[in-house]
Amino acid sequence: QKEVEQDPGPLSVPEGAIVSLNCTYSNSAFQYFMWYRQYSRKGPELLMYTYSSGNKEDGRFTAQVDKSSKYISLFIRDSQPSDSATYLCAMRGIQGAQKLVFGQGTRLTINP
Amino acid sequence: KAGVTQTPRYLIKTRGQQVTLSCSPISGHRSVSWYQQTPGQGLQFLFEYFSETQRNKGNFPGRFSGRQFSNSRSEMNVSTLELGDSALYLCASSSSGAQVTAFFGQGTRLTVV
Chain A
1 QKEVEQDPGP
11 LSVPEGAIVS
21 LNCTYSNSAF
31 QYFMWYRQYS
41 RKGPELLMYT
51 YSSGNKEDGR
61 FTAQVDKSSK
71 YISLFIRDSQ
81 PSDSATYLCA
91 MRGIQGAQKL
101 VFGQGTRLTI
111 NP
Chain B
1 KAGVTQTPRY
11 LIKTRGQQVT
21 LSCSPISGHR
31 SVSWYQQTPG
41 QGLQFLFEYF
51 SETQRNKGNF
61 PGRFSGRQFS
71 NSRSEMNVST
81 LELGDSALYL
91 CASSSSGAQV
101 TAFFGQGTRL
111 TVV
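Those protein sequence lines, which keep their order, are chains A and B. Under our numbering, think of the first position of the first sequence as 1, with each following residue one higher. Under our numbering, think of the first position of the second sequence as 1, with each following residue one higher.
In short, the hints are calculated from the structure, not lab data. There may be inaccurate statements among the hints.
[Stated by the list, open to error] Cβ-to-Cβ under 10 Å is the rule here; a few derived chain A residues that face chain B:
| hint | residue |
| --- | --- |
| 1 | 43 |
| 2 | 99 |
| 3 | 105 |
Cβ atoms here follow ideal geometry from the backbone N, Cα and C, with glycine treated the same way.
Input sequences plus hints: build the corresponding full structure.
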């Protein structure tokens, strides 16, 4: 079983819809939770990160972490065609510096 | 501020050969990490260097190695290439090990034939 599980999709929604992306994990040591966006033929781009449990909002994006359930989510409001990309969750502990553990990534398409 | 630069962008090698990939981190960043991305396994951590020292290592065979220079630039080397080494190799930099945010380069696409 992988440490981080993420449904690879693909996920296709109409423009303007609310998108929900999720990951589950098994390692209780994870303390930092990140969401990256990766366009085709590009490197991952950091969208948001959260420390421990709670919510964080940045524009149309909201990240939620529920450590009791080992479950994290990313919500995209008013989705745009430009949001079409692969979304990767990533996690790390306090120790272990920059060793990120990634989910498989969810391929998202926003249809105009 | 220039981003993370990886060279070359594309590479085709033959089985059994070796290859060296290069990564220049963001100016002032001292931590460089390497990842392998494949459709089947996703993004997997290879190793991390900080101040010229390997600080973390993932579960890859010894054919995969790396180093970091005094200017923080890093190289990774893969010897005795196998078909399964075909992947996108990504480098990420951060200012220190404690910094949460890591910035990725565009990657080197390696194809082994």
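Taking the hints in turn, this is what the structure says about them:
1. 43: holds (4 Å)
2. 99: This hint holds: residue 99(A) lies near chain B, its Cβ roughly 5 Å from the closest one there, short of 10 Å.
3. 105: This hint holds: residue 105(A) lies near chain B, its Cβ roughly 6 Å from the closest one there, short of 10 Å.
Checked against the numbered hints given earlier, this structure breaks none of them.
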